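Each chain is listed here by its residues.
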Amino acid sequence: MVIELRGIWHKYPGMAAWALENISAELTSGRVILVSGHNGSGKTTLLKIAALLYRPLRGDVIVDGQSFWEMSEAEKIAARRKITYVHEKPILIRGSVLENIAYPLRIRGLDSRNVAERAEIIMKELELMELADKNAKELSTGQSQLVAIARALAVEPELILLDEPFAHLDSERSRLVAAALQERRRNGAGIVIASHGGGELPDELEPDEVIVLEEGRIRR
Amino acid sequence: MSQVFSEILDVSLRSIYVSGFATLLSASWSIPAAYLLSLRRRVVVLEALIESLVGMPTVLLGLLLFLLLSSSGPLGFLKLLYTPQAIIIGQAILITPLIISTCYRALRGIATSYLELALSLGAGRSQAMMLVLRESAPGVAASTIMGFSRAVGELGIAMMVGGNIRGFTRVMTTAIALDVARGEFESAIILGIILLVLMIMTAISVKILMGVRAQ
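Those protein sequence lines, which keep their order, are chains A and B. When you line the first sequence up against the working numbering, it's residues 268 to 487, in that order. When you line the second sequence up against the working numbering, it's residues -15 to 199, in that order.
Keep in mind that the hints were calculated from the coordinates and are not lab data. Predicted model only: the values in this text are computed from it and were never measured. Backbone N, C-alpha and C fix where the C-beta goes; we use that ideal spot for every residue, glycine too. Do not take every clue at face value.
Listed next, the in silico SDA-like pairs over lysine to any residue satisfying Cα-Cα at most 20 Å (straight line) [said to hold, decoys possible]: (1) A:Lys404 <-> B:Thr96; (2) A:Lys349 <-> A:Gly362; (3) A:Lys349 <-> B:Gly39; (4) A:Lys343 <-> B:Glu100.
Sample of chain B residues lacking proximity to chain A, with all beta carbon distances greater than 10 Å (derived) [what the hints assert, rightly or not]: (5) Gln(-13); (6) Ile0; (7) Gly4; (8) Leu21; (9) Glu31; (10) Met40; (11) Ser97; (12) Tyr98; (13) Leu103; (14) Gly147; (15) Asp163; (16) Ala172; (17) Ile177; (18) Val181.
If we strip away everything but chain B, and leave its shape as in the complex, we get (with noise of 0.2 Å):
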């Protein structure tokens, strides 16, 4: 019984390092690409397009994703296939519509209005983005806990690049489909339930820090 648990806390916490990580690497080109995009007039095809890659299915990412780490794909040299090096690189790439989406919207009131001011009182480029950002920083929070709360509810890309290796590349999704499919649901209600509160209290946090943005 105690490996069981002693299995499903090093499946929970790999999970949230991985999807942290994920989150953080896709934050770290997303935000700017958020704030670059909120500065521009004529952005609706554009947006469209973002807007339209949020839902793309985790499983044709994955697949795009395997026959470019597989061994005789063209990036199958970085022999990154099977480690959890891929999901996060996955991951990454998967939120980053949703990111740049949501943070946008929460940039776009404010950005030319906040970066002028900035200008105006001495600032240099630098500068003003930060003061653009500090000034969004709840939206901008709140679009990278959703962004977090995609990465470790997704399935497909760490299944297909990730394989599912236990005490390796497994998480809470890869596992719980592998439990349903062994028959052991104990496990997978466990893992589901863990999974669920995550999703909850990241839910809970992008509420509060809406709620923050609106004052």
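Pulled out of the complex, with its shape left as it was, chain A reads as follows (with noise of 0.2 Å):
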């Protein structure tokens, strides 16, 4: 899969500056991808814009060839299907982690049978088994985030956006996490990665590319 963010030019609305000002980038599969900035750069608009959650104001998202925007809404939900986005503050659904993590792969029409195996699979990988049939919203932020981030590889996706994933985990948790992400590249998985400041990844996962942002704009 390959995502070409093509003069991406983003702002909200009130606002006088751009978030984004002339953004080009390719986010293909098999690759990690560090977005680095400051608090403010334009890192989460441009993780939302890839992830098909935000249409720029000017510029274009290609997405296998075909502009996302022109598509038709099965072709737009297809795409996003492949597609994984992890806010930076953890958003859970009402219900236990179990359920949370089993709403993405019920929305793709698997049966129950599946939608637990799979589920198992991943809380496994990531040591959710114990917090289960805990209600989501009872858990710790950095459990949250684990839980999102869980529910976001749930699916297998040919794309993993995550915003500031590591920023609520312990340094165990953080290598867990890395692992499972180092795991999807091997399997062709691309990973796209906002971290503010230096950008600091654990190092289990070596970026192959690292995009800085400085005030909306790529810093070359």
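Join the two chains, each given in its own frame, into one complex according to the hints.
Here it is, written out as structure tokens:
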């Protein structure tokens, strides 16, 4: 899968400054891309545009050779189903950890047995089995982050975009997530990680490319 | 005496049926409207307009509906005047701004983020809407119950387009008004108490649901 961002300009309503200015980038399967930059540099906006959630004011988002915002609704759903995005502040739905992880599998029409099997695999991988029946609203921020990552990985997407995925995780869990992401990269998935400041990633996850954002522009 | 109680029971059940149906009908368009509204920015004017319609006098709406549904009116051919269906339509219209307004408040803070979450996990538009409504279910249910409470307690529409016909369109509020006019205070008081209990039960349900939402 290839997502091309072509000359992207984006601005939020009521804001004078551009959040992104003339951004072009290519996000492809099998690579790890680190998007680095300080707070407010446009990392989240860039990721949300690449995750096909925001429509840029100018420029185009090309998914496997086709302009995403020109696609039919069915094509858009199909394209979005190849990608998952993990928010910086984890958003969990009402219900247990298991129900959260099962949600993207259910909306894809998988039967209950298949959903349970795939949810169990990812929960074992990220050591979440003990929390399976726990109410998602009772989790700590770190646990919530881990569940949100597990939920995004459960559908084995072709491209995974994560906004500050290690911000709330301790070093042990960071390594666990990094290993899981590394495994997906080996299997051909693309990984895009936004990280502020120095943009340090766990050792297990060496980026193939680093995009540095500064006030909405790519620093060359 | 038993005839009086049988009539009170008949009127009470009709009130619940008519207002319950009106609430369901109104919710069917008000909740999607509130959802769409909650996803939009700059809706201050629309929000103010809807809120101003929440307190619309029921007699005014009753009069408008009467003029529309009367035999010489533009919708007179439907022959709905003085039927329970006319009351249902009138009450559904009456509570629409209330359900939209309260439901919008329940959805406003969370709709965008849950829509985004649903889309980011591969949901279609309708699946995303279902997720947003599921996440705000207590608030949405509370707004619907408030709508029912307003509908069951209104008098103007039931009187003007229902006609207060015994055994057909007579509901609690119109029955109370008639009993008072006739000096039959006993049955008016009993109906008043039933209406009050219904309103209190509704208010308690809303409080419980709001409590669930706050958790």
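We went through each hint and held it up to the structure:
1. A:Lys404 <-> B:Thr96: Holds. Lysine 404 of chain A to threonine 96 of chain B sits at ~19 Å (cutoff 20 Å).
2. A:Lys349 <-> A:Gly362: Violated - the C-alpha atoms of glycine 362 of chain A and lysine 349 of chain A are around 25 Å apart, more than 20 Å.
3. A:Lys349 <-> B:Gly39: violated (48 Å)
4. A:Lys343 <-> B:Glu100: Given pair lysine 343 of chain A, glutamate 100 of chain B holds - Cα atoms ~14 Å apart, limit 20 Å.
5. Gln(-13): holds (50 Å)
6. Ile0: holds (30 Å)
7. Gly4: Nearest chain A Cβ is 27 Å from glycine 4 of chain B, so the label holds.
8. Leu21: holds (16 Å)
9. Glu31: holds (16 Å)
10. Met40: holds (32 Å)
11. Ser97: Incorrect as stated: the minimum Cβ-Cβ distance to chain A is 6 Å, not above 10 Å.
12. Tyr98: Nearest chain A Cβ is 7 Å from tyrosine 98 of chain B, so the label is violated.
13. Leu103: violated (6 Å)
14. Gly147: Given that every Cβ of chain A is farther than 10 Å from that of glycine 147 of chain B, nearest at about 46 Å, it holds.
15. Asp163: holds (46 Å)
16. Ala172: holds (45 Å)
17. Ile177: Since the minimum Cβ distance to chain A is about 38 Å, isoleucine 177 of chain B lies beyond 10 Å and the statement holds.
18. Val181: For valine 181 of chain B, whose nearest Cβ neighbour in chain A is about 32 Å away, the distance exceeds 10 Å, so it holds.
Checked against the numbered hints above, the structure breaks hints 2, 3, 11, 12, 13 and satisfies the rest.
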